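Visitor: Sequence order for the protein chains is L and F.
Residues 168 to 571 in my numbering are what the first sequence spells out, letter by letter.
Residues -7 to 404 in my numbering are what the second sequence spells out, letter by letter.
In case anyone wonders, no lab produced these hints; they're calculated from the structure.
The structure displayed is predicted, hence computed values, not measured ones.
Do not take every clue at face value.
Partial selection, computed: residues in chain L whose CB lies under 10 Å from chain F [unchecked claim]:
1. Ile216
2. Ser217
3. Gly471
4. Arg488
Derived DSS-like pairs (lysine-lysine); straight-line CA-CA distance at most 30 Å [as the list claims (entries may be wrong)]:
5. F:Lys252 / L:Lys459
6. L:Lys234 / F:Lys252
7. L:Lys470 / F:Lys114
8. L:Lys526 / F:Lys252
9. F:Lys51 / L:Lys435
A few chain L positions that, by computed beta-carbon distances, are all more than 12 Å from chain F [said to hold, decoys possible]:
10. Ser351
11. Leu380
12. Thr510
The beta-carbon is built from N, C-alpha and C at its ideal position, and this holds for glycine as well.
Residue strings, one per chain:
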Amino acid sequence: MIDPNVRQGGSRETAGDGSGEGARDGADGALLRVEDLKVYFPIRTGLVISRHVGDIRAVDGVSFTVKRGETLGLVGESGCGKTTTGRAIVRLYDPTEGRILFDGTDVAGLKGRELTRMRRRMQMIFQDPYSSLDPRQTAGGTIREPLEIHNVGTARERRERVRELLSIVGLNPDYADRYPHEFSGGQRQRIGVARALALEPDLVVADEPISALDVSIQAQIINLLERLQGRLQLTYLFIAHDLSVVRHISDRIAVMYLGRIVEVAPSKELNQTPLHPYTVALLSAIPVPDPKVEARRRRIILKGDVPSPVNPPSGCRFHTRCWLRERLGNPERCVEEDPMLRTLATGHEVACHFAEEIKTGRAAATVAAVTPPAAEHERAIPGDAATAAQAGPATPPSMPPASA
Amino acid sequence: MALLSVEDLVVRFRTRDGTIHAVNGVSFALEEGERLGLVGESGCGKSVTNLAIIRLLPKPAGRLEGGRVVFDSVDLAGLSEGDLREIRGRDIAMIFQDPMTSLNPVLTIEEQLVETISAHRKVTKADARKRAIELLQMVGIPSPESRLSEFPHQFSGGMRQRVMIAIALALEPKLLIADEPTTALDVTIQAQVLDLLRNLTTEGKTALVLITHDLGVVAGMTQRINVMYAGFIVESATTADVFDRPSHPYTVGLLHSIPKINAEPGEELLPIEGRPPDMRRAPTGCPFAPRCAWRLDVCWSENPGLQPVEAGAPVILTGPTATHRIACHNPPTAAEAEAGKPLRAEFQPAPPPAGYIDELSGSRLGDAGIDAELGAELSGDASPYASAGGLPIEADIHEDGAGRTGHTGHAP
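All chains, please: the whole structure from these sequences, using the hints.
Guide: Take a look at the structure:
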């Protein structure tokens, strides 16, 4: 709007460094393609002579794509590597291995001026609106800073742009001179959104943008993000631990566990027919604000905690807590062989050797055997029993009884 | 005689910025073994209510300025600090949100468990230790003998919360107050801890007050719910009634703010516009009026107080037949509650009285800005709460600090 060099509309020339990738990505509409991304944090000991004794494998071989204009949700529990993935993409962390193709350019290895230029097209919204804003800078100053760094516009144009951005995110433009402490949490997060949008990025990585906010305010920010996406043709990588919010906002969802993606599927499909035992458990663990559903449904209570990413379990990383493996008599394959993501339905990828057991409902048959017939009709479905009931003949995913 | 009866509790905090009206006349009762949820957003006074019950308000700022708390036929206000200490831990136990800050980091788990037990019971050290092991087993900590000698930092978050539960239940209290017990935990761990809490409180006779912002958590855990807003209880009913027939506009708004599990993609949420009131202002009128789509003129000046939804119904305070009560002059009908907005023809929320200073107007004006920019498709229908425009902008005061208990940072 101010700077004619900032893109208008979707297509733009690919930077030369990506050579050749651009055409391919353009073809399938992928704005971002992450290939086998690894981010390790070294563990060092010794005060004087520091020795490298191991790595925290925060992200350990993650691949996914985000199409232009879509929202990909990245969910998982704390420590699963979702935030690290997001930060590596905008290069707040340096990837240890792997490629991050952004509009055809591998940003994993970019440095200096080229990196700065690339960053203009991908911005981040942070979790905590209390600590992500500089308390000594006004709201206007915070939003103006990216414009100054990238030399966009004259001082006067920047001022205008700040006012425009404030009103875009639903704040009074006259608040530009106020300091963060004068705003509420929800308003601060709006400032964070305005700052991220200042350079008209293509990709916005939103890292738990609402989890620090109250419920009634969360809905305001979600609606804001959705409206802005439609209006500015933004692509979102939406990182959160709260599956109910993620499935609301996302087109597709990738579920992470211990540095890996274990399942990717369109939002609705993931919700209705999850195929990875971890996803099934995660869905069943979300408390549903409906006492009838709560009383009826059975939870899969996973045992124990997430193992340490310093020394992840062999084979499938989930095997130490997997209910499906237990049900199948603890097959050795889970311990020995690392499952790769494989496609089981269109756009639905799972990293589990025995996902078919869930898909075909054979695991469900086992459930029926141990559940008294009278209770059969009550067998709960991950997510919501009512959903599946309405869904009718759609294959109901299996659900074991509550942890015995 | 109810186990716990709270009558007209008033708590204020004196701060440099003025008096915070944290709790403004809260009354409720609880029977033995009953499970009650206190639901509300940060700063609504739900934690402060409970700190006031066990007289743990931060001093000297927090003051109990009115009301009575009767526990097990004893008026807690009349007790000496020593007698109170007897009751805390033995009869009333608390679990806080963040197990890392509520466990002592320099004492082993054993010392902390044994301390609790021997502070209230005359037992030998060996017996106390035996009991400690039992308790850890009960809350599902593997190999409890060896873990007793470990320090809190050697436990994971979920495990620490289990230890907290073990300490809280060590003396089989009559009342357990759990203040956001799972908010700091991941969902799968939350499921473990809730499962544990549910089993422990349904088996024994321990009554539970569960304080949370999460409607999903109370739905599965409690029998009755009090919804709090700005230091008032605005809706009180059995859990089934609250979810089946939400009758206060705030409860309706809350339920529409969370994504529905079976919602169609692209369905917009209906947020409650604006934000909670500045708790420094002495409450006048209905506290929710500035954000309410159903408000009448009277709402600006008069707080209706809790009344049965069905006029004239007898008021039963506790148990499965508790009366459904709300504090509202103009409650939404069932159809309106379902839709999340008033459906009456030509209904307009009453404008604020002349001279009304509103601290919410900042964000509301902003939303009007969005709508103007995005065009007609978003205006009007997008949110019923947005229709309150035209308030003068006078002050923009942030919501924090009102009624916070302060054991952790922001609420999620």
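Visitor: Hint by hint, say whether it matches the structure.
Guide: Hint by hint, here is what the structure shows:
1. The beta carbon of L:Ile216 comes no nearer than 27 Å to any beta carbon in chain F, farther than 10 Å, and the hint placing it at the interface is violated.
2. Given hint, L:Ser217 at the interface with chain F, is violated; its Cβ is 23 Å from that chain's nearest Cβ, farther than 10 Å.
3. Among the interface hints, the one on L:Gly471 holds; its C-beta lies about 8 Å from the nearest C-beta in chain F, closer than the 10 Å criterion.
4. Interface restraint check for L:Arg488: the shortest CB-CB distance to chain F comes to about 8 Å, inside 10 Å, so the restraint holds.
5. Proposed proximity of F:Lys252 and L:Lys459 is supported: the alpha carbons are some 15 Å apart, at most 30 Å.
6. Distance hint between L:Lys234 and F:Lys252 is fulfilled; the C-alpha atoms sit about 26 Å from each other, no more than 30 Å.
7. Between L:Lys470 and F:Lys114, the direct Cα distance comes to roughly 36 Å. Violation of the 30 Å bound is thereby established for this hinted pair.
8. Distance restraint check for L:Lys526 and F:Lys252: the Cα-Cα separation of roughly 25 Å lies within the 30 Å cut-off, and the hinted pair is therefore satisfied.
9. Under the criterion of a C-alpha separation no larger than 30 Å, the hint pairing F:Lys51 with L:Lys435 is inconsistent with the structure, at around 51 Å.
10. Annotated as non-interface, L:Ser351 brings its C-beta within 12 Å of a C-beta of chain F; the closest such distance is 5 Å.
11. Listed as outside the interface, L:Leu380 is inconsistent with that label: its C-beta sits roughly 8 Å from the nearest C-beta of chain F, within the 12 Å cut-off.
12. No Cβ of chain F comes within 12 Å of the Cβ of L:Thr510; the nearest lies about 22 Å off, and the non-interface call holds.
Hint compliance for this structure: hints 1, 2, 7, 9, 10, 11 are broken, all remaining hints hold.
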